[in-house]
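Full structure from sequences and hints, please.
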Amino acid sequence: MATRDDQTPGPRRGRRREWLVPAGLILLTAVPVIAGADRVGQLASGGPVTPDNARFFSMPLPVVVHIISASVFCFLGAFQFVPSLRRRRPRWHRLAGRLLVPSGVAAALAGIWMTLFSELPAGDDGLLTVFRLVFGSAMVLSLVLGFVAILRRDVASHQAWMMRGYAIGVGAGTQVLTSLPADLILGRMPEGVLRALLLGAGWAINLAVAEWLLRRRPARRARVATAPAPPTGARRRRPAAPPAGGTGTPTPAAGTRRG
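Sequential numbering of the sequence shown, starting at 64, is according to the numbering used here.
These aren't lab readings, by the way, just hints derived from the structure by calculation. Since the model is a prediction, treat every value here as computed from it, not as a measurement. Treat the hints loosely; a few may be bogus.
[As the list claims (entries may be wrong)] With beta-carbon atoms standing in for the labels, derived distance ranges:
1) R149 - E182: 25 to 33 Å
2) G186 - V239: 28 to 36 Å
3) G186 - P165: 28 to 36 Å
4) L190 - L214: 30 to 38 Å
5) S121 - L240: 39 to 47 Å
6) L162 - V103: 16 to 24 Å
7) R161 - R251: 39 to 47 Å
8) G186 - A107: 26 to 34 Å
9) E81 - R278: 19 to 27 Å
10) R150 - V256: 45 to 53 Å
11) R151 - V239: 30 to 38 Å
Every residue, glycine too, gets a C-beta built ideally from N, C-alpha and C.
Structure representation (structure tokens):
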């Protein structure tokens, strides 16, 4: 007996698979978003203040801007990877983009501000500071270039730059995965150069995946463009001339259907 999945049309199953991408991206960023919400709650309630979070209470505005903007950016950006949603809801795609770009830029600039002007924990300076400044600046640049590209109607460049900016923006989710093994092995959070390398790996992995996907796209389009065209049916032969002395009505050629 045919199952329900067997009776589901192929395009419908394809649309369902498309939603696995935003679901995975939202799941990837769940830990930093939840941790950020908890941090905002602590700031709103006024405590408790500990040596680990005192720097956030001394400069709360960029912290709140960074957390809220990054959360909006990660959530809205996940749905921009659904092709059917972009095709069927173009107005929603544009409205989401108008929130996505300023949210991402605000999150990155707030992160850069905290890196430069807040009191960092011991061991967070040096290499990790360089990584934060480089990737934060790259995120801002990618989003700005993506915005400029869509103003020029350059959709391909727009998608490429926005994907790079989003890859950097969700780096905090990947950093949970890169840091967790070291945390389990050492029994504590990694520090110093090891911490910097693990966090930098989170950004680097995301960018590498984004570049891999972008390079796959032209190759896939080229394969589709060079594929042989399907047969369009046998070419009709012109009707034969009537025999001499005939009635003047041509007889159908072999293989030609009557009208």
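Contradicted hints - numbers only: Hint check: 1, 2 and 5 fail, others pass.
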